[in-house]
Every structure is written in structure tokens, then in C-alpha cells.
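So the chains spell out like this:
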Amino acid sequence: MAIFVTTLEQGLIYGILALGVYITYKILDFPDLTVDGSFPLGAAITATMIANGVNPYLTIPASFLAGAAAGVCTGLIHVKCKVRDLLSGIIMMTALWTINLRLAGTANVPIFGDESIFDNSWMNKVFGGGLASYKVLVVVLVIAVISKVLLDLYLKTKSGLLLRAVGDNANLVTSLAKDQGNVKILGLSIANGLVALAGSIFCQEQRVFEISSGTGAIVIGLASVIIGTSLFKNVRLVNTTTAVLIGSVIYKACVAAALKFFEPQDMKLITAVLFLIILIIGMDRKKKVKKNA
Amino acid sequence: MLELKNIRKYYNPGTLNEMCLFEDFNLTADKGDFISVVGSNGSGKTSMLNILCGSISVEKGQILMDGEDISGMKEYKRNRRIGRVYQNPAMGTCPSMTILENMSLADNKGGTYGLGKGVNKARKAHYQKLLGSLNLGLENKMDVKVGSLSGGQRQAMALLMSTLTPIDYLILDEHTAALDPKTAELIMELTDRIVKEKNLTTIMVTHNLRYAVEYGSRLLMMHQGQIVLDIAGEEKQKMKVDDILGKFNEISIECGN
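If you read the sequences in order, they're chains F and U.
Just so you know, we're using the UniProt record's numbering here: the first sequence kicks off at 1 and counts up by one.
Just so you know, we're using the UniProt record's numbering here: the second sequence kicks off at 1 and counts up by one.
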């Protein structure tokens with residue numbers, strides 16, 4: 001039971017990250033590697049704030065804004081300096097490593113004894129007794145669902161329609177008398193805001209900030225998006241953002257199952273093989289490889 | 001009024017492949033003009049449209065819109081007053097969005113694209129009426145993704161979308177070239193109707209000499225970066241396909257083909 005709950009928790013936390021990756025990969029058609037830096041950015045800010053005694057609930061907007069700022073930087077590098085998409089993300093990811101280290105002070109900041117969004121006097125009162133072991137899951141679920149619903153609502157606004165248009169046919173955005181560069185920057189900022197938010201929650205769930213927690217985050221995000229969108233392609237009741245969240249849970253379950261048979265140091269190889277299998281099954285690679293190689 | 005003044009355009013300047021397209025090109029499109037432009041490949045028709053819209057830069061010269069110099073204005077800003085339809089039907093629509101979403105997007109041109117509702121249900125009937133006038137059955141497919149429509153249907157939508165909001169200029173870049181003859185005919189009739197209804201100043205590049213003769217109030221023939229024929233008014237009305245075909249052959253023979 002415990003492993004089931006943990007898998008769900010982690011799946012939903014990474015699901016928020018996957019919502020961000022969904023914006024860049026599926027909507028903007030932008031392979032955004034900033035994610036590997038903006039995920040720990042959210043964690044670094046959170047750990048620093050909590051260690052300094054700030055109200056843990058403030059870490060949520062703070063990390064979102066920090067991630068959004070990182071996304072804006074990637075966008076500016078791509079749009080204004082005309083660096084290609086993949087490289088813009090790599091530049092920001094590299095830069096963020098140092099920024100995260102500077103923010104947190106060290107590569108590893110434990111926050112075991114401090115209050116978090118899961119662990120404070122109010123939460124402990126609400127989730128007393130037998131409910132305590134589901135506390136984290138419920139909070140994570142609420143945040144994931146709110147993120148999903150807000151994203152759904154946003155994508156239906158005029159601004160959201162324009163964002164979808166820029167990945168679909170950037171030329172049309174120019175025809176509509178709008179600067180396509182600005183729309184891309186906006187999309188990247190929302191995406192990385194969500195990723196940093198996931199980083200913040202992950203940090204509080206693990207009760208530690210680790211500089212390397214972002215390594216491979218983009219792979220988890222992409223895998224979740226591809227699993228979700230290809231599994232639920234033809235299911236009308238499940239919309240894409242829900243599919244992405246479920247995809248993330250499925251991915252985490254696959255990893256958890258694989259770890260039953262292998263050692264933890266095999267983790268990255270398992271991830272790589274899983275990702276490859278998902279890409280092949282998803283049959284999404286042809287178009288993307290041609291476009292982005 | 002759109003004006004091109006003393007335009008100079010080189011491709012690949014400073015390299016071995018340097019090619020001069022326009023040396024001193026001038027064109028004035030008066031308000032209400034419907035200009036059809038014909039000419040051989042490489043004569044500079046599409047480049048002229050690209051220069052007008054700001055898709056490519058020029059070495060020298062001025063581009064004026066109602067007397068205002070817009071040479072330094074970005075393409076997207078010029079598009080506030082310009083609608084453009086391309087040869088490729090895919091250029092004017094978003095394939096993964098529905099017809100309703102595409103129409104709503106286009107309907108908001110000139111607006112801010114903020115956090116208001118993207119699709120205004122109250123406007124749906126209006127869109128359906130417009131789409132219904134095409135007789136393509138699109139008005140009953142409002143929730144169908146545009147990517148699943150045929151090229152002709154998409155081009156008709158692209159034309160409707162580019163002229164949905166009040167604009168002053170319409171730029172048509174061989175917009176019937178990728179369509180079958182019957183659909184092309186339909187799109188041309190629709191173009192003519194919209195141009196007249198909205199009194200748009202229009203420049204249409206076409207390879208179809210019959211369309212060039214039948215439609216529009218003025219006809220240009222371009223060759224090697226120059227206007228070799230410019231007729232308007234009554235003379236244009238009396239023009240027959242054979243007349244321009246003769247002229248066309250003349251310039252082609254000069255070229256050696």
C-alpha cells in the first residue's frame with residue numbers, strides 16, 4: 001500500500017512538470033531543456049525560503065514566478081538572439097545549475113525539521129490519526145488538479161488560442177498582427193513556471209533540496225506526455241491535460257516496477273530504455289526527429 | 001494607397017551568387033485598385049508582395065502606406081491593415097484547431113488576445129452564415145479540425161479569415177494555384193465578392209491569365225524586376241487573354257525559352 005501511495009504522489013508531482021512539458025513539446029513544438037534547470041530552481045527557492053522560516057505556502061507562487069522568469073530568459077535567447085530552440089534550453093539549463101547552487105548555498109539542503117506545505121500545525125490537525133499517511137497524496141492531488149484546471153481554462157482564452165496557434169502555424173500569428181516571438185516567450189514562461197512549481201513540491205515531499213534532482217527531468221516529462229497523449233488519444237472523456245497527469249503516474253509506476261527487479265544504480269539505464277520503448281510505441285518520433293534533428 | 005518607391009533589392013548581396021532583382025522599382029496602388037499581376041517565374045512578383053508586407057528587407061527605397069513610410073515597420077505590425085492569402089492553403093489556417101476556433105482567432109485580429117473567452121458563442125451564428133455562403137458545407141462542421149479539410153476548403157477558410165476583420169489591403173499570392181479548376185473558380189468568385197463588398201485595395205499575383213483578365217481593375221505584367229505592361233480602366237476591360245498571351249510570348253522569346 002505504501003509503495004502505491006508513494007507512486008501516486010510522485011506521479012502527480014511529476015505530472016505538474018509534465019503539464020509544463022506538454023505546453024512546450026506539444027503546443028509550442030519547442031524541445032525545451034530548460035526544464036532540467038527550472039525544476040531544481042523551484043526546489044532551491046523553496047528550500048531557501050523554508051530554511052529561513054518563511055510561510056511554506058508562499059513557496060508555491062515564488063517558485064512558479066522564478067520558473068516563469070527562467071522560461072522568459074530561454075525565450076529571449078531563442079527569439080531575440082536567434083539561437084535555435086534546443087540550444088537556448090541547454091544554455092539556460094547550464095546557467096541555472098550555478099544559479100541554483102548560489103540560491104541554495106550548497107548542493108544539498110535538508111529541511112527535515114522545518115514546516116512544509118505538508119507538515120505544519122494546521123495540516124496535522126486536519127489530517128489526524130489514520131489519515132496521516134494520505135496527507136501528502138491529498139495535497140499533491142489538489143495542487144495537480146488546480147494546475148490542470150487553470151491550464152485548461154487558460155488554453156480556452158484568447159491568449160491561449162494564440163499560444164496554440166503559434167505552435168501550429170506561426171505564420172498565422174504574424175498574419176493576425178501579433179509578434180510570434182512574444183507568444184513563444186509567454187508559453188515558455190508558463191511552462192517553466194509549472195515545472196518549478198513541481199520542483200518546489202518535490203523538494204517539500206523529499207524534505208531535501210538536491211542540486212542534481214533536475215537531471216533527467218525533461219525525460220520524465222516527455223515520457224509522461226507521450227504515454228498520456230498516445231494512450232488516451234481516442235478517449236473523448238479524458239482531455240489532454242488529464243491524460244498527461246495519468247501518463248506521469250503510469251510512468252512512475254513503470255519505474256517503480258522496474259526497480260523491483262534491478263538495483264537503484266540501474267535507474268538511468270531503465271529510464272533510457274523505457275523512454276525509447278515509449279517513443280517507439282507512441283510513434284511520435286518521425287515528425288519530431290525530422291523537424292528538430 | 002500603397003506605394004513602392006525606388007526599391008532596390010539584391011539577393012545574396014556581396015557573394016558570388018549576388019543577383020539583382022529590383023534596381024529602381026516603383027509601383028503605386030491607389031485606393032480601391034484591384035491589381036492582378038502576371039509574369040514569368042523569377043520576375044519578382046512574389047518578392048514584390050514580400051517587400052510590401054515586410055517579409056523581406058530591401059537595400060534601398062521606401063514603402064509607403066497612405067503616405068506614411070512603413071519601411072522600418074515589422075511585418076506583424078503592417079498586418080494590422082493587411083490581409084494575406086498564400087499559395088499554400090496550410091499557411092492561412094491552424095490545422096489542429098477547429099473551424100470555430102480558427103474563425104474566433106481571426107475574428108480577434110487587431111484585439112489584445114488577453115484572458116477573455118477565446119470562443120465567443122454569440123458570434124458562432126455569424127461565422128456559420130459566412131461559411132454557409134461558400135456552399136462547402138463548412139457551417140455544419142464547426143467542431144471539426146481544419147487539418148482534416150481539403151485544400152480548397154482550407155483556402156476558402158483562409159480567405160474568409162484574412163478578411164474577417166476590417167482591413168484596407170488584401171495581398172493574394174497565387175492563392176488559386178494549388179487548387180483544382182473548379183475550386184479555383186469558386187475561390188476567385190469569392191475573392192471578387194469580398195473585395196467589392198469591403199472595397200479592399202487588392203494586389204493579386206496569378207499565373208492564370210484568364211483570371212488576370214477577367215478580374216480586377218488593373219493589370220500588370222512583370223519581367224526581370226520590371227513592369228513591362230500596366231493597363232487599367234477601359235483598356236483593361238477590353239483586354240483579352242490572347243492579347244496578354246502575345247505579350248507574354250514576346251518577353252519569353254527575349255529570354256530564349
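Hints listed in this document are in silico derivations from the structure and should not be mistaken for laboratory results.
Beta carbons: idealized from backbone N, C-alpha and C, even for Gly.
Check each hint, because a few of them may be wrong.
Stated by the list, open to error - Only part of the chain U face toward chain F is listed, based on derived beta-carbon distances under 7 Å: (1) 70; (2) 71; (3) 73; (4) 75; (5) 80; (6) 88; (7) 91; (8) 94; (9) 109; (10) 113; (11) 114; (12) 118; (13) 120.
Claimed, not checked - Calculated lysine-lysine pairs in the BS3-like style (CA-CA distance at most 27 Å, straight line): (14) U:141 <-> F:156; (15) U:145 <-> F:156; (16) U:109 <-> U:196; (17) U:145 <-> F:148; (18) F:148 <-> U:5; (19) U:5 <-> U:247; (20) F:82 <-> U:145.
Outcome of the hint check:
no.: 1; hint: 70; result: violated, 13 Å
no.: 2; hint: 71; result: violated, 18 Å
no.: 3; hint: 73; result: violated, 11 Å
no.: 4; hint: 75; result: holds, 6 Å
no.: 5; hint: 80; result: holds, 4 Å
no.: 6; hint: 88; result: violated, 10 Å
no.: 7; hint: 91; result: holds, 5 Å
no.: 8; hint: 94; result: holds, 4 Å
no.: 9; hint: 109; result: holds, 5 Å
no.: 10; hint: 113; result: holds, 4 Å
no.: 11; hint: 114; result: holds, 6 Å
no.: 12; hint: 118; result: holds, 4 Å
no.: 13; hint: 120; result: violated, 9 Å
no.: 14; hint: U:141 <-> F:156; result: holds, 19 Å
no.: 15; hint: U:145 <-> F:156; result: holds, 15 Å
no.: 16; hint: U:109 <-> U:196; result: holds, 21 Å
no.: 17; hint: U:145 <-> F:148; result: holds, 23 Å
no.: 18; hint: F:148 <-> U:5; result: violated, 53 Å
no.: 19; hint: U:5 <-> U:247; result: holds, 26 Å
no.: 20; hint: F:82 <-> U:145; result: violated, 32 Å
Checked against the numbered hints above, the structure violates hints 1, 2, 3, 6, 13, 18 and 20; every other hint is satisfied.
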